[in-house]
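Engineer: One letter stands for each residue in the lines below.
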Amino acid sequence: MADYIWLIPLFPAVGFIFNGLFGTKISKGAVSWIACLAVFLSFLTSVAIFFEFLQLPADARVFEINVYSWIASGEVSIPLGFRVDALSLVMAMTVSGVAFLIHVYSIGYMEHDPGFKRFFVELNLFVFMMLTLVTGNSLIMMFVGWEGVGLSSYLLIGFWYQKDSASDAGKKAFIVNRIGDFGFLLGIFLLFFTLGSHGVWTLNFGEIHKSAHLLNGNMINLITFLFFVGAMGKSAQIPLYVWLPDAMEGPTPVSSLIHAATMVTAGVYMIARLNFLYSMAPTTMMVVATIGVLTAFFAATIGFAQYDIKKVLAYSTISQLGYMFVAVGVGAYSAGIFHLMTHAFFKGLLFLGAGSIMHAMSGELDMRLMGGLRKKIPVTYWTFFIACLAIAGIPGFSGFFSKDEILWKAFSSPHGHIMIWMLAALTAGMTAFYMFRLFFGVFYGDCRAPEDVKHHIHESPKVMTVPLMILAFLAIAGGYLGIPHVLGGANLFDQFLAPVLGGGHGHAAAAHASAGFSMVSSAWASTAEAGHGGEAALEMTLMAASVVTALIGISIAWLMYVKNTGMPGKFVAAFPGLFKVVNNKYYVDEFYDFVFVRGIMKAGGVLLKVVDIGIIEGIINGVGALLQWIGGGLRKFETGFVQQYAFGMILGAIIVVGYIVFAPLF
Amino acid sequence: MLPYLTMNPFGFPVLSTTIFMPLFGVLFILFMSNEKAIKVAAMITALLTLAVSAFLFVNFDPTTTIFQFGERISWVSSFNINYMLGIDGISIMLILLTTIISPIAVLSSWKAIQTRVKEFMISILIMETAMIGVFCSLDFILFYFFWEAMLIPMYLLIAIWGGPNKDYASLKFFIYTLFGSVFLLVAIIAIYLVNGTFSIPEAMFKDYTFQFQFWVFLAFGIAFAIKVPMFPFHTWLPAAHTEAPTVGSVFLASILLKMGTYGFMRFCLPIVPQASFYFAPLMIVLSIIGIIYGGFVCLSQTDMKKLVAYSSVAHMGFVILGIFTFSIYGFVGALFQMLNHGITTGGLFLLVGMVYERTHSRQIYDNAGLGKIMPIYMFFFGLFAVSSFAFPGTNSFVGELYVLIGAFAVNKTAGFFAVVGAVVAAAYMLKLLKQVAWGREDKRDIKDMNLREIIYMVPLAIFVLWVGLFPRPFVNVMEYTLVNLATQLDKVSH
Chain A
1 MADYIWLIPL
11 FPAVGFIFNG
21 LFGTKISKGA
31 VSWIACLAVF
41 LSFLTSVAIF
51 FEFLQLPADA
61 RVFEINVYSW
71 IASGEVSIPL
81 GFRVDALSLV
91 MAMTVSGVAF
101 LIHVYSIGYM
111 EHDPGFKRFF
121 VELNLFVFMM
131 LTLVTGNSLI
141 MMFVGWEGVG
151 LSSYLLIGFW
161 YQKDSASDAG
171 KKAFIVNRIG
181 DFGFLLGIFL
191 LFFTLGSHGV
201 WTLNFGEIHK
211 SAHLLNGNMI
221 NLITFLFFVG
231 AMGKSAQIPL
241 YVWLPDAMEG
251 PTPVSSLIHA
261 ATMVTAGVYM
271 IARLNFLYSM
281 APTTMMVVAT
291 IGVLTAFFAA
301 TIGFAQYDIK
311 KVLAYSTISQ
321 LGYMFVAVGV
331 GAYSAGIFHL
341 MTHAFFKGLL
351 FLGAGSIMHA
361 MSGELDMRLM
371 GGLRKKIPVT
381 YWTFFIACLA
391 IAGIPGFSGF
401 FSKDEILWKA
411 FSSPHGHIMI
421 WMLAALTAGM
431 TAFYMFRLFF
441 GVFYGDCRAP
451 EDVKHHIHES
461 PKVMTVPLMI
471 LAFLAIAGGY
481 LGIPHVLGGA
491 NLFDQFLAPV
501 LGGGHGHAAA
511 AHASAGFSMV
521 SSAWASTAEA
531 GHGGEAALEM
541 TLMAASVVTA
551 LIGISIAWLM
561 YVKNTGMPGK
571 FVAAFPGLFK
581 VVNNKYYVDE
591 FYDFVFVRGI
601 MKAGGVLLKV
611 VDIGIIEGII
621 NGVGALLQWI
631 GGGLRKFETG
641 FVQQYAFGMI
651 LGAIIVVGYI
661 VFAPLF
Chain B
1001 MLPYLTMNPF
1011 GFPVLSTTIF
1021 MPLFGVLFIL
1031 FMSNEKAIKV
1041 AAMITALLTL
1051 AVSAFLFVNF
1061 DPTTTIFQFG
1071 ERISWVSSFN
1081 INYMLGIDGI
1091 SIMLILLTTI
1101 ISPIAVLSSW
1111 KAIQTRVKEF
1121 MISILIMETA
1131 MIGVFCSLDF
1141 ILFYFFWEAM
1151 LIPMYLLIAI
1161 WGGPNKDYAS
1171 LKFFIYTLFG
1181 SVFLLVAIIA
1191 IYLVNGTFSI
1201 PEAMFKDYTF
1211 QFQFWVFLAF
1221 GIAFAIKVPM
1231 FPFHTWLPAA
1241 HTEAPTVGSV
1251 FLASILLKMG
1261 TYGFMRFCLP
1271 IVPQASFYFA
1281 PLMIVLSIIG
1291 IIYGGFVCLS
1301 QTDMKKLVAY
1311 SSVAHMGFVI
1321 LGIFTFSIYG
1331 FVGALFQMLN
1341 HGITTGGLFL
1351 LVGMVYERTH
1361 SRQIYDNAGL
1371 GKIMPIYMFF
1381 FGLFAVSSFA
1391 FPGTNSFVGE
1401 LYVLIGAFAV
1411 NKTAGFFAVV
1421 GAVVAAAYML
1431 KLLKQVAWGR
1441 EDKRDIKDMN
1451 LREIIYMVPL
1461 AIFVLWVGLF
1471 PRPFVNVMEY
1481 TLVNLATQLD
1491 KVSH
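Which chain is which? The protein sequence lines are A and B, in order.
Just so we're aligned, residue 1 is where the first sequence starts under my numbering, counting upward by one.
Just so we're aligned, residue 1001 is where the second sequence starts under my numbering, counting upward by one.
Among the clues, some could well be false.
[Unchecked claim] Cut-off 20 Å, straight-line C-alpha distance, at most; resulting in silico cross-link-like pairs (PhoX-like, lysine-lysine):
hint: 1; chain 1: A; residue 1: Lys580; chain 2: A; residue 2: Lys570
hint: 2; chain 1: A; residue 1: Lys375; chain 2: A; residue 2: Lys454
hint: 3; chain 1: B; residue 1: Lys1111; chain 2: B; residue 2: Lys1431
hint: 4; chain 1: A; residue 1: Lys580; chain 2: A; residue 2: Lys454
hint: 5; chain 1: B; residue 1: Lys1372; chain 2: A; residue 2: Lys25
hint: 6; chain 1: B; residue 1: Lys1372; chain 2: B; residue 2: Lys1443
hint: 7; chain 1: A; residue 1: Lys28; chain 2: B; residue 2: Lys1372
hint: 8; chain 1: A; residue 1: Lys602; chain 2: B; residue 2: Lys1431
FYI, nobody ran anything at the bench for these hints, they're computed from the structure.
Using the sequences and the hints given, assemble the complete structure.
Structural biologist: Structural data, given as structure tokens:
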């Protein structure tokens, strides 16, 4: 079965091509079911490979297939090839599984949209590219998928192109991503030529891994940093996060699939995929973890002051992606991927829930105009509640397991630091607060919607609620794949990924030894390794601390938005300036727009005026005028006899040539 | 027998047939008066030429570096001028490009050209002959003859069928390129005076003095740089493109610009290699300025055709960059980019022309919001736009990747700036795409592409994806020649 990995991306590709070519000829229903079926077949294929893998010993769980030689010449050979191992399989299953549910949901959600068929064509294109990204066996294949998801995201954000804001947002997303891609591309070339200078010309992951020891420390820090620049763009980290909130202009299933569950996690996947390089690059790791935790914290603060439910979820996504980067930044790769998966479930669910709320509220997004929806849309309410508990990290829900693993590793890993842990734990409390601010605001209190909207409030159809229920189940159950040892579990998830990602700890320790990292954390690590009992007690303490933080966050939200609803208003009134700044997202967009976007567009016009029209044309026209002036004097030579002209030309040519040939002799 | 030329093995002079087939068609068209019949005759001629060149392509031996299908007849024996033809892995690709573009050009002007149809078709066919002739010539005088012959029909295309400002644009084009041609002639005569022959292959890889190489490179360089056009010789291009009829732009972009880069590859590198090494840093800097400058200027364009024209400056910068890396990757990339630019930018000019026929405006704003009204058009426009900024899976991605590999191998700084250019390309193409697809919402009565238009766009679209996904067959054809060039240059440099 594993020989058929190329089927995983192929199915959606076929769906995309078939619906793209013949979609206009067949019915809406047929288009949507073909699209769903294509993604479902990818999912089945990945699951089949998964079960096949379980039969194999852990170190035999790698298959690679090169379909054909794509770009080749001289020493360079880049095949179009796929690789399946534990990591790509987890990604493929998560992506295709969640994508399938979101496809089904979209049948209901997009039902009345005039672009229904186009939507499914573009959605399949996205899944095709995303699966190429995660199953490609080389950096170039990854880059192909990377650009491909970028393009499909551009198309889907701008899906409602009638709105200027939507098409602008699409363009912004692509361009900010291009800045990231710039780093990614440079990283690829630098790695390629650095390895090449040692006689190894390859971009294949397996082969890079084998020759990674040839790279020296500074070079590897630079290369991994450049890759991280790519990840910053795609996964919306500081300073390239600005496109993601705008991307919410796309239809909600798109926000759910692309801008929460799958595409934005590509950066995390990339670092996990190249974990062997990152583990050799302590400086980059520190940068990754620091940017990750700062993004997590920063985005959470913005989440406090947003009223648009999709914007809150967008900043929450940025914040959660920050957690994943903390994980991979401290060398806890499998924890990062674990959170990636659970996040795909609960954040996918939150967005679909938001879509269901919008569906009920006639498209309203402002939570100030909602409230009291608990009774009217019960399925949405319960599933949304589960997702909120999961993201808040309440024990028993998936987010608890994955987030606590990250928090623990941020603290205990030799790459970690107590400051990272503190900020991340604080962010966990903030997350709980703003998520429940949203939850209470939407579902509790009095309904603040206008009368005409109120009448229409209704639960979504089955085709939408069943995916919600399945995702709610996953948002709980997904966590039990990775029960930590300290709670008596075996962390099956970590074990399954170990052949690719290593025991995060072992790898990190090796790099740590060579780098001589932070004293505090190394002391912690040695204590941790020395006494297993002490470690367990510490882990439990930290776990309890983060759970308490989360509960405090929820309680404050309850106090402010259910118990005493006047409080938020008073708070805003007390700090009007602060609120305004946070509500306006610290004016970062305005700053970027002023400096980069307008600056650059203007530069183009100025260049044209000054260089082309001013300098170059000026010189040429000047020469022309000069010649005319001379020509006036030379008019007497213009006899009208062609022979004389020809003679003149040849004479001139001979003089020039003669000079060239004979000048060296003198 | 000549060591550098294998004679034509067939019973008929296959290269001469390819070259003069269009001219042969002109003979018939001269005596026709029915416009419809003239168009059909021109189309048949162009298709027959394509068939002959396909025959060439199939019989081309990609495993030798010697010029093939050779023909050699003494022309002016007193000056040792020969009618000598032959092709290698570089020229075969460009001949094929020419013969593919020509029938498309005829088909695309079916409705657009209403006045002087006969003269128009004759101009196109004469130009095709001249263009194929340039790529086949192995004698400097013959080459120069075709090179100059190409100018006249091109000048006429702009001056007769051009836009409102056609006089200025055609004159500018003519003077600019003629100015370059004089330098070309000087270089050719200089080489003749040293070698005593106008044979191009015999001039290659000889031990000329550096002084000689220096001056010859400069003369060649100015002629070719104007043609490419390289920054800062590019200002004739936007003017010519905006005024030229669609077919004129297509020929300009797809083939005429390639003459310059072909010249660098065919003449500068093998004939004056040391000077090429000497000037390489300058050429690389200018190419990168072109890539980035072209990109930035595109960002501020409001005229679709001008935007595509300036994007040509950037794309041709990639070709020059590839050539002056002197590496096999750079060469493969440069040759690919020549073909890709011919197909992709040619395609974009055709698409701009199509919409111009419908709205009589080239302003982006006037042609905005076509996504809903013209879905088929938008499909092609989207494909060629993403191809233009080297989206993976399209032809330009493969070409640019080769060039970038070559650039990084030689100089990381050059590679770095080229990547900047690649990033800017996405910005202006997406800006254009966004506005054309989505910019406006009002209903207008504009018809989508008709069958004729689809027919001539499909081959180009197939090429975009074919090279993007399976470039191997093309690499096979060009590889031997290019590897040989790189190896020879390598020998000289040591």
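Engineer: Next, verify each hint and record whether it holds.
Structural biologist: Structure-based check of all given hints:
1. A:Lys580 to A:Lys570: Holds, at about 14 Å.
2. A:Lys375 to A:Lys454: holds, 13 Å
3. B:Lys1111 to B:Lys1431: violated, 30 Å
4. A:Lys580 to A:Lys454: violated, 30 Å
5. B:Lys1372 to A:Lys25: Measuring from Cα to Cα gives roughly 17 Å; hence the hint holds.
6. B:Lys1372 to B:Lys1443: holds, 9 Å
7. A:Lys28 to B:Lys1372: This hinted pair holds, its Cα atoms lying about 18 Å apart.
8. A:Lys602 to B:Lys1431: holds, 15 Å
Violated hints, in rising order: 3 and 4; the structure is consistent with all others.
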